[in-house]
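Position 44 of the sequence shown, counting from 1, maps to 44 under the numbering used here, and the rest follow consecutively.
Keep in mind that the hints were calculated from the coordinates and are not lab data. Warning: the hint list may mix true and false statements.
Cβ-Cβ distance ranges computed for the label pairs, FRET-style [unchecked claim]:
hint: 1; residue 1: S47; residue 2: G74; range: 35 to 45 Å
hint: 2; residue 1: G48; residue 2: S86; range: 17 to 27 Å
hint: 3; residue 1: T63; residue 2: H34; range: 13 to 23 Å
hint: 4; residue 1: L53; residue 2: V81; range: 33 to 43 Å
hint: 5; residue 1: A84; residue 2: P46; range: 35 to 45 Å
hint: 6; residue 1: E52; residue 2: S86; range: 12 to 22 Å
hint: 7; residue 1: Q80; residue 2: L53; range: 18 to 28 Å
Note that beta-carbon positions come from the ideal geometry of N, C-alpha and C, so glycine has one too.
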Amino acid sequence: MGHRAAGGGEVDAVGPERVSGAAWREDGRTRPRHRFQQAVDEGGLPSGADPELFTRYVMTVATGIAVQAAGGAGRSELRQVADAASRNWPPV
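Generate coordinates for the entire structure from the input sequences, incorporating the hints supplied.
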């Protein structure tokens, strides 16, 4: 029996069609990248903004926060990191 992949397709966890880590990460970047592009197109972000850079920035911060949380960092410490990242937004 399969499970849902990040992109919505069915994947057999033990079969050859198993999604590779790289494909899973790329799929996870697609939606935010499209959303950032939409924000650039609609004027919500500066016209010279790079949606790929924004996506990598957000994902890197989120991954770092997750690693810190798994290592025992408290909510207030994690909030400080998120607040610091927000002060440096957008990363252009």
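For each hint, the structure was consulted:
A hinted range of 35 to 45 Å holds for the C-beta pair S47 and G74, which are about 39 Å apart. The hinted range of 17 to 27 Å is satisfied by G48 and S86, whose Cβ atoms lie roughly 20 Å apart. Look at T63 against H34: about 20 Å separates their beta carbons, and that is inside 13 to 23 Å. About 19 Å separates the C-beta atoms of L53 and V81, a value inconsistent with the hinted range of 33 to 43 Å.
Judged by the Cβ atoms, the range 35 to 45 Å given for A84 and P46 is violated: they are separated by roughly 21 Å. Separation of E52 from S86 is about 20 Å and conforms to the stated range, judged on CB atoms against 12 to 22 Å. Between Q80 and L53 the Cβ separation comes to about 23 Å, which falls inside the hinted range of 18 to 28 Å.
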